[in-house]
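Each chain, written out:
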Amino acid sequence: MLEVSGLTKRFGGFAAVSNVSFRLAEGEILGLIGPNGSGKSTTFNVVAGLYAPTSGSVRFLGEEIGALPPAAVCHRGIARTFQIPRPFRRLSLLENVALAAFYGRGEHPPRAKAWEMAKDALALVKLPTHPAARVDGLGAAGLKKLELARALATQPKVLLADESLGGLDEQEMEQAADMLAMIRRERGVSVVWVEHIMGALMRVVDRCIVLDHGEVIAAGKPQDVARDPRVIEVYLGTDASAVQAVTDARVA
Amino acid sequence: MEIFDIFLLEAVVNGILLGGLLALLSLGLNLIFGVIDVVWICYAELIMIGMYAVFMLHTQQGWPLLAAMPAGIAIVAALGAALHQFVIRPVLAAEPINQLLVTGGMLFLLQAAATLAFGIDFRNLGVRMQPILVGEMSISAPRVIAFVAALAGVGATWLLLSRTFIGTAIRAISQDRAIMPLMGVNPDRVFVITSALGGALAGLGACLLVLQYDIHPAIGLSFGPITFLICVLGGLGNLLGGLVAAFIFAQFISVGGFFFHLEWGYVIAFAFFIAVMFWRPQGILGGK
Numbered sequence: 001m002l003e004v005s006g007l008t009k010r011f012g013g014f015a016a017v018s019n020v021s022f023r024l025a026e027g028e029i030l031g032l033i034g035p036n037g038s039g040k041s042t043t044f045n046v047v048a049g050l051y052a053p054t055s056g057s058v059r060f061l062g063e064e065i066g067a068l069p070p071a072a073v074c075h076r077g078i079a080r081t082f083q084i085p086r087p088f089r090r091l092s093l094l095e096n097v098a099l100a101a102f103y104g105r106g107e108h109p110p111r112a113k114a115w116e117m118a119k120d121a122l123a124l125v126k127l128p129t130h131p132a133a134r135v136d137g138l139g140a141a142g143l144k145k146l147e148l149a150r151a152l153a154t155q156p157k158v159l160l161a162d163e164s165l166g167g168l169d170e171q172e173m174e175q176a177a178d179m180l181a182m183i184r185r186e187r188g189v190s191v192v193w194v195e196h197i198m199g200a201l202m203r204v205v206d207r208c209i210v211l212d213h214g215e216v217i218a219a220g221k222p223q224d225v226a227r228d229p230r231v232i233e234v235y236l237g238t239d240a241s242a243v244q245a246v247t248d249a250r251v252a
Numbered sequence: 001m002e003i004f005d006i007f008l009l010e011a012v013v014n015g016i017l018l019g020g021l022l023a024l025l026s027l028g029l030n031l032i033f034g035v036i037d038v039v040w041i042c043y044a045e046l047i048m049i050g051m052y053a054v055f056m057l058h059t060q061q062g063w064p065l066l067a068a069m070p071a072g073i074a075i076v077a078a079l080g081a082a083l084h085q086f087v088i089r090p091v092l093a094a095e096p097i098n099q100l101l102v103t104g105g106m107l108f109l110l111q112a113a114a115t116l117a118f119g120i121d122f123r124n125l126g127v128r129m130q131p132i133l134v135g136e137m138s139i140s141a142p143r144v145i146a147f148v149a150a151l152a153g154v155g156a157t158w159l160l161l162s163r164t165f166i167g168t169a170i171r172a173i174s175q176d177r178a179i180m181p182l183m184g185v186n187p188d189r190v191f192v193i194t195s196a197l198g199g200a201l202a203g204l205g206a207c208l209l210v211l212q213y214d215i216h217p218a219i220g221l222s223f224g225p226i227t228f229l230i231c232v233l234g235g236l237g238n239l240l241g242g243l244v245a246a247f248i249f250a251q252f253i254s255v256g257g258f259f260f261h262l263e264w265g266y267v268i269a270f271a272f273f274i275a276v277m278f279w280r281p282q283g284i285l286g287g288k
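So the protein sequences, as listed, match chains V and L. So the first sequence is numbered by the working numbering: it starts at 1 and just counts up by one. So the second sequence is numbered by the working numbering: it starts at 1 and just counts up by one.
FYI, nobody ran anything at the bench for these hints, they're computed from the structure. Worth double-checking, as some hints may not be accurate.
What the hints assert, rightly or not - Partial selection, computed: residues in chain V whose CB lies under 10 Å from chain L:
1. A72
2. A79
3. R86
4. E95
5. R111
6. R184
The beta-carbon is built from N, C-alpha and C at its ideal position, and this holds for glycine as well.
Make a model of the complete structure from these sequences and hints.
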């Protein structure tokens, strides 16, 4: 349903992303991994409409969306979360999410319906739904959940999840990975999931693409990707625990 | 009561009434800055245009005041939206000093245009109302009307900001404008609506001022600076701070003027402003 082909994004002379292609099938969770600076977030920003591609195309449900502004991309059904959560701290939790519910699809739902959609999204990620709940006091995991709830409230078909595991402890990471799997199951959303650590991600994704210096160096099933010599060299070599995680996953 | 005490009480009451009006005036300017991060230096000139609009519709076109005033508010709201669209938008990403210069240019443009269109004569609606007598105090009726209407305007704005989705979007965009489009919100649209709202508040201010003051092209200069200083005093962009600062400032003007001389009230109020800037440059309640 989402097809990125030959995507290149240059900033001046620096190619943050060069000639990246991938396809996301309906209902799939696709991992987009690679070390810091490998072009993952830039790819997301292009797909979400925050940057225009230098060349290449982004097609969503058959429509070219590479040149659309971010609000229009959101209206078509692509939602993006951020690695570093950016909540509106002076709004209540519910207001944060209700805004996304009301404006997310371009055509406004009735007000009462928007509040319901916001509560549903908060309940799905297990955050409090009462109107007085505040953003302050949420820990790292809570803020990540809020990012997810806000994205889900726009009723997306595709969720771009940016480092949903970043800043979390081991247990929270496992829970966050389960949550993305649950969201796919409950909402039928397709997910592209960016991460620079592999651990918990490998167990949940259907397929995986590895970026390095803006280029795709491997693609396929997580266990195959983890054995790719180039991936081990540029990436997994620095993260032995991920190799272990994949091996464990295969054994289990 | 001693006659001195009555006059003092009258000064305090007048200060409260003036505070309500100044609170309304500062609210629009503060809202614009809080949301769009641009100071409309020409804010008071929008009020001046609104005063002329009400005056012309009433005296030249023969509209009743209660029709001319809503029309005046609508005209200034449209002017506010146009100001954003055609003047602010092109400099939205420019340096703050450029934005100040552009809106400062608009100040003189509007003033000169008003001079061209209406001449330099002082105009007056000619509305005469009996003062309201409370005990031994005599309170000006237009001031009471202005106070009540100003508070109603502030209250309506608060309801809009807290109870509607566009109001929530306005509050949200003042915190993080970059992320709004990812929730499907078009920031340009929110900015235009905010500007129209700021314009409408200026228009309401115009309706209330026109009951009390003569109209002339430079009238904006007599309350524009005060409006801006009140916003800074409360913490630029902090709506609640602006309201608090308006009432404090008005007491300095009114009671200060009572103890010394009318003009001394302003001297004391501005001296207080400068002192606060040394002590709390971010304003009494801090910035937005």
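Evaluated hints:
1. A72: holds (9 Å)
2. A79: holds (7 Å)
3. R86: OK, holds: R86 of chain V within 10 Å of chain L, min 5 Å.
4. E95: holds (5 Å)
5. R111: With a closest approach of 7 Å, the R111 of chain V hint holds.
6. R184: violated (20 Å)
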